[in-house]
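Trainee: Take a look at the letters that make up each chain.
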Amino acid sequence: MSCCCENKSDLTLLADVLNEYKSVKGSLITILQHAQEIYGYLPEDVLRHIAEQTDIPVAKVLGVATFYTQFRFKPVGKYLIMLCQGTACHVNGSERIAAAIKEELGIEDGQTTDDGLFSIKHVACLGCCSLSPVMMINGDTYGNLTPDKAKQILRELKNEE
Amino acid sequence: MSENINLKIDGKDISVKKGTTILEAARANGIDIPTLCHSEYVKAYGACGLCLVEGENMPKLMRACSTVAGDGMVISTMSPRVVRARKVALELIMSDHDGDCKAPCTLACPANTDCQGYVGLIANGEYKKATEVIKEALPLPASIGRICPHPCEKACRRQIIEEPISIAQLKFFAADKDLAGDTYIPEIAADTGKTVAIIGGGPGGLSAAYFLRRKGHSVKIYDKMPKMGGMLRYGIPQYRLPKNVLDKEIALIENMGVELINNVKIVENISFEQIKKENDAVIVAVGAWKSLKMRVQGEEQEGVFGGIDFLRSVILGEKPDIGDRVAVCGGGNTAMDACRTAVRLGAKQVYVIYRRTRNEMPAEDIEIKEAEEEGVIYKFLTNPVEFTGENGRVNGVKLQIMELGEPDASGRRSPVPVEGKFESIELDSVIMAIGQGSDLAGIEGLDLTKKGTISADENSFVTSQEGVFAIGDTINRGAGIAISAIGHAKKAAIAVDAYLNGVDICYKEPYFSEREVTRESFPDVSEISRVKMSQLSPEERKHNFDEVVHGYTEEEAQREAHRCLGCGCHDYYECKLIKLANSYDIDPSRFAGEKKTNYVNKYEFIERDVNKCILCGLCVRACSEVMGITAIGLVGRGFTTVVSPAFALPLDKTNCNACGLCVQLCPTGALQERSLLAKQVPVKEKAEKITCNECDKHCTVAVSYVGSKLARVIPADMQSLNCVFGRKELIEKLSKRLSDAK
Amino acid sequence: MVKYMKIAVGQGSCGIAAGAGKVYKALSEQGLGSVLAKTGCIGMCFLEPIVDIYGDDGQLKRLVKVSEADAEKIARFVKEGDEEAIRSLEISCEDSEFLTKQTRIALRNCGIIDPENIDEYVARGGYSAIEKALDMTPEQVIETIKVSGLAGRGGAGFPTWFKWNAARQSVSDTKYIICNADEGDPGAFMDRAVIESDPHNLIEGMLIGAYAIGAKEAVVYVRAEYPLAIERLTKAIAQAKEKGYLGQNILGKGFSCEMRIKAGAGAFVCGEETALIESLEGQRGMPRLKPPFPAQSGYWNEPSNINNVETFANVAWIITNGGEAFAEMGTENGKGTKVFALTGKVKRGGLVEIPMGKTLRDVIFDIGGGMRSDKAFKAVQLGGPSGGCIPAALIDTVIDYKSLSATGAIMGSGGMVVMDESTCMVGMARFFLDFTTKESCGKCVHCRIGTKRMMEILDRICKGEGKQGDIELLEELCVSIKDGALCGLGQTAPNPVLTTIKYFRNEYEAHIEERKCPAGECVELISYSIDPEKCRGCSLCAKKCPVSAIDGVIKQPHKIDTEKCIKCGNCKAVCKFSAVVCE
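Protein chains in written order, with my numbering: chain H, 1 to 161; chain A, 1001 to 1742; chain Z, 2001 to 2583.
FYI, nobody ran anything at the bench for these hints, they're computed from the structure.
For each residue, glycine too, the CB sits at the ideal point set by N, CA and C.
Don't take each hint at face value.
[As the list claims (entries may be wrong)] Taking beta-carbon pairs under 7 angstroms as the criterion, some of the chain Z residues facing chain H (in silico):
(1) G2266
(2) F2293
(3) S2297
(4) A2341
(5) G2350
(6) C2568
[To be verified] List time: in silico EDC-like cross-link candidates among lysine to aspartate or glutamate, alpha-carbon distance up to 20 angstroms:
(7) A:K1595 with Z:E2456
(8) A:K1542 with A:D1365
(9) A:K1595 with Z:E2258
(10) A:K1369 with A:D1546
(11) A:K1398 with A:D1324
(12) A:K1043 with Z:E2456
(13) Z:K2025 with H:E95
(14) A:K1265 with A:D1439
(15) H:K25 with Z:E2258
(16) Z:K2564 with H:E95
(17) Z:K2022 with H:D140
(18) Z:K2572 with H:E95
(19) A:K1060 with Z:E2476
(20) A:K1087 with Z:E2476
(21) Z:K2463 with H:E95
(22) Z:K2544 with H:E103
The shape of chain H in the complex, shown without the other chains:
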């Protein structure tokens, strides 16, 4: 990971979280999860701030943050599409859904549309295997997808904008 932003984040937003957890050992992941909830991702200055406040070397903070797929280091779109890559979804054609999303939005795993509206992330199983293939957008699950159905869902979200 390299320096990706010079923006100044509002670090005061994190004060409560740090107060609660900074002296509880083993809480780094929890703090990072809260930070990501607050900022949408983990900006460099926030990571440095967490390191300073928790007295954990910044190299270690980065090591932990980059280990887990949940953490992001770039802002994501308004709608985060999590496309399930579970076995059942694979067997039932999740690759075709990925292709349909690419056709509709022009983005692949890890990318965000230019208008900042959509990001897509392939995730390990969402646990809704009986509805496979499945995707989750901002917490809502959509199951039994077909390429057409997936496109339709995305278009509806676009139209809401």
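Assemble the complex: chain H is given as a structure, and chains A and Z must be docked to it using the hints.
Mentor: Coordinates of chains A and Z only, in the frame set by chain H:
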């Protein structure tokens, strides 16, 4: 309470304290279990998978680094299953290890001369040490440096930028310096009482003698000519290799105790059988002294000379009668030597007849160019069909005009005759330089190849007769270049030595990791032209046999040597990975695939090359567990994990104190410390421990030298890792003190 | 007239995804709020959303695949007793068998109680087991578990009592009991269902475990991808504390235990117990060397016991009913029941809990109803990335630890993915290796680089670029990775490859030697064309083609431009005349 544990490792009964790991137990008893991720500095980690051992009645292999020895365990450290797992681990590591163990120049050299090593030493002004490095691979550097077609330079990476390094010329620069002063003579082992006879005193024979003598064997060389040197003396013209240079280098070999016996012809003076009987081993190195014929009408006439025969007779002062108009047939280096010699003998018109074009000529470009400057006329795309003559003496040649057809199997476009088109030239003599063959008269009973050369194994150089080895132009593919014969000699010496000691080992090409590069791989390198060696102008040189080139001055040599990109790994001699890899007979190409992304971070003191990192984690663990600094960490997950400071900052922008423990523990060249030398060069360094008296802690530090120069100051105990001055200030202080002391 | 006491809408993740939330809302808009209730997942995912209507006559009406539009009909039934209104929504006899053929212990409350209401759990006998356990000695509790023969349901099948006993024997003031709810197998959702539908059962099981080993702190490590599970478990912990089942001096019997949740952050390897501990400690989830085992030195270097959700979900039942009752079910090599997440090409997918000793056929055909399409059953994948594919020929394999291992697969945590003829087995192996490669922590060489190289080889085979000797190379890698990898993830990563080579070697060979994918799934090896005999020229395929590769005049046979075709398969999927051929 100290309870003892009894176990068996590799059949050996061992008793250790309770809590001892299998690795510790084995090591304490002289049994080596390999590991790349374990160090007593840090906690066991279990990453490399090399310390695996097998326990009797245990379903899973165990990691010796962390498994505590148990009572009654029966451990095997080299079972087939263990070896297979280790071998695959090493192959996997290597398949993702992107670096050059050795520079391409070194690998391209048939004798594997450490070109990067001596070029780097020359850059640092360490000429004596440079000669020492060269003489590990070849004993005749002043001669070879002058005449070698230098495959090293053809492989030199610098030509991606502009031109290759003048590796060969730098070699004879260093060797000339050595010959002029306090000449280097290698150490010679105690006499073994074994005798080796070498038939043929050319570059191969002389080199074999040199290497075997170093091992303490008694060596004699038989040669049919009045002086030693073979083709170097009798096939290479004086203007390229002054014979006094060769004499000096041969004298050094003689001084080492090699017996040189000239004017000995097999059969006439001594029989092959007798030589075999009198010696423990024999090396046949008789070369290829027979000029090949073209089988063209009129070839038998007077005035038609064989290329090497012609060159030899000139060198012997026989003044062959070639007249004013001379045609040399052939396009190789012998043709060039012949035509340029003809010029020097006073011929007015010298032609080179070659059936392809200039592009296909096997001769060196520089030779082709210099011959042209000296007035040689090239007749490309022509092929002699008849040598005309009068009264048995040649007076001309009829040439078939050729054109280039389709490429053949070797990719070269083969010449085909243009029907009906011919040309005739009037001549006084013809020199046929189209190839050489071996004359094996008297050397009987050895299996031969279809070409009529001796058949020998290219790793051990054994022939069909026990105790008889053969090297150089006289084996297998036939005539090659001198350095190839020397390469044979170097490897054969290992095999002969083993044979004399009754061991069945031979030279084995080691595995080296190699990297693929493009111009983009060198973003920081700008163009610097090669330093041209001054030489005689065509007018000054074409009427005499004076040496054409003048040699480098020290300033020129250093400037040229500084151009070297330093491709080979600077950690080669310290690298645990490559040593281990070569002891498990690996073939990583089986697993060739994607490698980690290019990521090199240069810092003025500690350089990080992620491409070479094997993620043993020693650096990261040492930095946090031992030093409590944590300047670096693991970033990412899985295959793409890298070791990096936070946000990929340079180390000096972090809290790194440059203690260097990470570098010391790194099992590969992924972490390296810059030495104090102006030009970084990988050579074996001599290290000694001293007590530092710069403060009252009196730490132990290790200092190492390259030649006469201080190269490194390394913390050698725990407290010195936390030097009060900081590492860089300590180095300054100590290097000043050490140089004052000198 | 029958009075309808309760209308329960299944609100597991699948139910919600299928629209249960909307159904619930529509029902409340129909004025049914007073009897409307939420429940967890009954496990019949293929029928979601499901609405259960309980009458005071003890009868249950189970309505399936309910939509918002059905709310009015349901209201009519509940208010007016109009049975006709809901006739079409009622579950079929055949589908009911999905449940009736199961034996539910771990899932006993799922889809029956409201997971957010502790009283419903207590009403079904909940928290009586901890009470009983606290009257026993810890040793007796462990002995009961030993008698039951309960083995770890996370995959390895290690005897639970043994781990508990080891932790019990370790001397320390501080011990931990940890629940591994990092259900990582991509194709399994048993643990999610238990937590979402019956969180107190987990809490109670963990408390009993805590008491047995002497732990005062319990931690549940839940995957980040399970927000609903985290939410419900959080509520349940709060309720249990309030009621005195959790916290200080539980039930006044002097035993204290606190419980908290730690959310994972996305790393399959954290299902490995030492990696899980690293993650709990806020570190990179890289496995530690074993020994020492967690029972000696685990979380914060203290003795720790880790079991998975399903294991704990059996504990309260065992204490209540006795170890012998549990041990009566199953075989010599596996006691009690096992929960499977049945998915893939099967007709009826969902949660299946059966006694060990049943066969794969029982699950896939009797309970699951066989294949969804008319294609033949080909194989079943068990154990996810650590497991293997069992071929149709072995369909009568008995479900217990030993029998399944003998096939090369493993019991695993319970993922059971059914495949038909259209699934490429090499592609399947590649799918799992792709997963393992992405999830490898990167610590040890054999796994980090070995799985990557296996993935690359499988990838080239699927692309028709396989080389002679690739199968042997894969086998060699498999053996060495099993021997050399540091943790369970790496050591089992070769299983999907080994089993597919073992049972479907001919498919590998077809890819390599003939450059053909027999299942017609590997995109690089197939091509689509239209059979002019069958094509009626309806042009539906042309309309659905995303790259306009299909051309033709209406009512005349169409043609596919193979240069343009991206082999998405849309045309084949929409063709009503089976005119699109894939070879």
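Trainee: With reference to the structure, classify each hint as holding or not holding.
Mentor: Each hint tested on the structure:
1. Checking G2266 (chain Z) against chain H by beta carbon gives a least distance of about 4 angstroms; that is within 7 angstroms, so the hint holds.
2. For F2293 (chain Z), the interface hint is violated, the least distance from its beta-carbon to any beta-carbon of chain H being 20 angstroms, above 7 angstroms.
3. Below 7 angstroms, beta-carbon pairs count as interface contacts, and S2297 (chain Z) has none with chain H, the closest being about 16 angstroms; its hint is therefore violated.
4. A cut of 7 angstroms between beta carbons decides the hint on A2341 (chain Z): the least distance to chain H is about 6 angstroms, and the hint holds.
5. Here the hint on G2350 (chain Z) is kept, as its CB sits about 5 angstroms from the closest CB of chain H, short of 7 angstroms.
6. Nearest Cβ of chain H to the Cβ of C2568 (chain Z): about 6 angstroms, under the 7 angstroms cut. The hint holds.
7. The straight-line distance between the Cα atoms of K1595 (chain A) and E2456 (chain Z) is roughly 12 angstroms, inside the 20 angstroms bound, and the hint therefore holds.
8. Using a Cα cut-off of 20 angstroms, the hinted pair K1542 (chain A) and D1365 (chain A) holds, with the two alpha carbons roughly 18 angstroms apart.
9. Proximity of K1595 (chain A) to E2258 (chain Z) is assessed by CA-CA distance (about 47 angstroms); at most 20 angstroms being required, the pair is judged violated.
10. For the proposed pair K1369 (chain A) and D1546 (chain A), the alpha carbon gap of about 18 angstroms is at most 20 angstroms, so the pair holds.
11. With a C-alpha separation of about 18 angstroms, the suggested pair K1398 (chain A) and D1324 (chain A) falls inside the 20 angstroms cut-off, and the hint holds.
12. Distance check on the hinted pair: K1043 (chain A) and E2456 (chain Z) sit about 33 angstroms apart at the alpha-carbon level, beyond 20 angstroms; violated.
13. Restraint check for K2025 (chain Z) and E95 (chain H): not satisfied, since their Cα atoms lie roughly 34 angstroms apart, outside the 20 angstroms limit.
14. With a C-alpha separation of about 12 angstroms, the suggested pairing of K1265 (chain A) with D1439 (chain A) holds against the 20 angstroms cut-off.
15. As the CA atoms of K25 (chain H) and E2258 (chain Z) are separated by approximately 17 angstroms, the hinted pair is consistent with the 20 angstroms bound.
16. Taken as a hint, the K2564 (chain Z) and E95 (chain H) pair is honoured in the structure, with Cα atoms around 19 angstroms apart against an allowance of 20 angstroms.
17. Proposed proximity of K2022 (chain Z) and D140 (chain H) is supported: the alpha carbons are some 12 angstroms apart, at most 20 angstroms.
18. Restraint check for K2572 (chain Z) and E95 (chain H): the C-alpha separation of about 16 angstroms stays at or below 20 angstroms, so the hint holds.
19. For the hint pairing K1060 (chain A) with E2476 (chain Z), the CA-to-CA distance comes to about 17 angstroms; that is within 20 angstroms, so the pair holds.
20. Distance check on the hinted pair: K1087 (chain A) and E2476 (chain Z) sit about 11 angstroms apart at the alpha-carbon level, within 20 angstroms; holds.
21. Note on K2463 (chain Z) and E95 (chain H): the hinted pairing holds, with a Cα-Cα distance of about 15 angstroms set against a maximum of 20 angstroms.
22. Proposed proximity of K2544 (chain Z) and E103 (chain H) is supported: the alpha carbons are some 13 angstroms apart, at most 20 angstroms.
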